[in-house]
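Asks: The chain contents come next:
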Amino acid sequence: MPVYVYAITDAEHPHRLDDLKAIGESAGPPTTVAGRSLKAVVSDAPADLRPKRREVLAHQAVLERLLEDGAVLPMRFGFVAPSHDEVAGALDENADTYAATLERLSGRVEYHLRCGRDQDDVLREILTESPEARRLNEATRQNPSAQGDRMALGELISQEIVRRNDADAREIVDALAPAAAEVAAGEARGEHFLAVSFLVDRARATEFARLVEAEKERRGAGYALTLHGPLPPYSFV
Amino acid sequence: MTVMQQQQARPSSGGGSSSLYDVLELILDKGLVIDAFVRVSLVGIEILKIDVRVVVASVDTYLRFAEACNRLDLESGRKAPTQLTDIVGDSVESGAKGKSKGALTGAVEAFSESLQRGRDGDEEEPAERKSRSSSSSTARRSPRRKEGE
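Respectively, the protein sequence lines represent chains U and X. With the numbering used here, letter number 201 in the first sequence gets 201, and the count goes up by one each step, no holes. With the numbering used here, letter number 148 in the second sequence gets 148, and the count goes up by one each step, no holes.
No wet-lab data here; the hints were simulated from the structure. Each residue gets a CB set at the ideal place from its N, CA and C atoms; glycine is no exception. Treat the hints with care, as some may be off.
[Claimed, not checked] Reference excerpt, derived from the structure (chain U facing chain X, CB under 8 angstroms, subset only): (1) 5; (2) 57; (3) 114; (4) 228.
[Claimed, not checked] Under 10 angstroms between C-beta atoms, here's a sample of chain U residues computed to sit facing chain X: (5) 49; (6) 77; (7) 79; (8) 86; (9) 126; (10) 127; (11) 136; (12) 152; (13) 159; (14) 197; (15) 233; (16) 234.
Excised from the complex, chain U in its bound form (with noise of 0.2 angstroms):
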C-alpha cells in the first residue's frame, strides 16, 4: 500500500494527530511510521492523490500539529513511499543527518517575510529625486506622441525600481537576521520584491516579531510587509 510522507520526527516526539484528517476523501487521522531511532508521520496514499487547495491544507495542518510539540523535518508536498517498510528503511538509511538536522531544528520555527511596495509610492519617489525623470515625464505629458521620451521614461523607471527594491530588500533582511538564527532568501515575484525565510528561536520570536513591526513603521504606508509563522521550517531542511 503506498505511503503519503508528512514528516520525520523524533522518536518522542507526541504526535497528537488522532483529531486530524490525513489526506484523501475519507481518510482518518496520520500514523506514524517508526525506524531505529526516528519515526515518519504517514497516511495511506489514496489513488488519484491531486494537489487540490485541501490536500495542501492537510499536509499544512498536520505539520503544524507536530510543530506545536517539537521539532520536526517538514517533507515537501506530495511524497509517495511504495510501502511502510521503504519508510522506515529511509529513515534508517539517513538517520545520522535526519538527527542532526532535527537538533538544528530544535526549538526553532520559520518566518516568512513577503514585501511589496505601492507603485504610485515608488513612482513619487523617483519623480521626485531624479531630474532626468522628471524632465521626461514632462516631456511626455506635453506631447503624447514623443515616443522615444515615453520609452526612456519607462526604462528608467524600470532601472530605479529594481535598484530601489534590491537597496530595500537587503535593508530589510539586514534589520531583521540579528533575531534569526538562519535566513534562507526565497523567489520574490509578481507583487514583492523581497520573499525571504528566518528561522527563528521561539524564545526570540517575540523579539523577531518586534524588529519586523519596527520595520513596517519605517517604512510606512507605500511598503507592504507580511509576515507568516510560526511555521513548519521548510525552508532549513
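Go by the hints and put chain X onto chain U.
Replies: Only chain X this time, still in chain U's reference frame:
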C-alpha cells in the same frame, strides 16, 4: 482612459494571517525530499505557479510605467503624509491601492484570486474599489510644474 486598468485591488494585508497563497510556495517547493520516494504529479498546481515574475525590462512594462508616471499627481502625494491614509479612511486608501496595481501586478491577480476564493472573510469588494479609484484622477490633466525639492 488610464483609469480602466485600475481594478480589483486585492487586499495587501499587513497582518500575519497566513494566506495559503503566500505559504504555498514553501509547502510545494521547500521541505525535505527523499529521493527513494515518488512525488505525485503537481500538474494542477504548476499552473498556478507559472512564473509570474514581472518582466521588468520589456517594452510593454516601459510603456505602462511611463503612463503611470504621467498620471501620477506628485503634489497631492507630497501633501499627504503617510498617516493620512489611516485617518481619512478607505477612500484615500482605495485610490492609492487601485493605482498601485498597474504595471507590476496585473498578471498575478488572476492566480491569487483563484486561490483566495473560498478563503473566508477577508475578501474585498472589487466593485466598490473600482468606482472610488476612478474618481480621483480627473481634475489633474493639466501638466504642472514640480516644485523641485
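Asks: Under 8 angstroms, Cβ to Cβ, is where residue 5 of chain U needs to be relative to chain X, so tell me if that hint holds or is violated.
Replies: holds, 6 angstroms
Asks: Hint validation: residue 49 of chain U versus chain X, beta carbon distance must be below 10 angstroms. Holds or violated?
Replies: holds, 5 angstroms
Asks: With chain X as the partner, please determine if residue 233 of chain U meets the hint condition of a C-beta pair closer than 10 angstroms.
Replies: holds, 9 angstroms
Asks: For the hint on residue 127 of chain U, just tell me whether its beta-carbon gets within less than 10 angstroms of chain X.
Replies: holds, 6 angstroms
Asks: Could you check if residue 136 of chain U really has its C-beta closer than 10 angstroms to a C-beta on chain X?
Replies: At 8 angstroms from the nearest chain X Cβ, residue 136 of chain U passes the 10 angstroms test, so the hint holds.
Asks: With 10 angstroms as the cut and Cβ atoms as the points, is residue 234 of chain U at the interface with chain X?
Replies: holds, 4 angstroms
Asks: Let's test the interface hint: is any C-beta of chain X closer than 8 angstroms to that of residue 228 of chain U?
Replies: holds, 5 angstroms
Asks: Please verify that hint: residue 152 of chain U, Cβ, nearest Cβ of chain X, below 10 angstroms or not.
Replies: holds, 9 angstroms
Asks: Using Cβ atoms only, decide whether residue 86 of chain U comes closer than 10 angstroms to chain X, and label the hint accordingly.
Replies: With a minimum Cβ separation of about 7 angstroms from chain X (threshold 10 angstroms), the hint on residue 86 of chain U holds.
Asks: Please check whether residue 77 of chain U passes as an interface residue: C-beta within 10 angstroms of a C-beta belonging to chain X.
Replies: Since chain X brings a Cβ to about 5 angstroms from residue 77 of chain U, closer than 10 angstroms, the hint holds.
Asks: Verify the interface restraint on residue 79 of chain U: the C-beta must sit less than 10 angstroms from at least one C-beta of chain X.
Replies: Hint holds; residue 79 of chain U Cβ to chain X Cβ min 4 angstroms, cut 10 angstroms.
Asks: Was the hint right that residue 126 of chain U lines chain X, CB cutoff 10 angstroms?
Replies: holds, 8 angstroms
Going down the numbered hints, you'll see the structure goes against none, and every one checks out.
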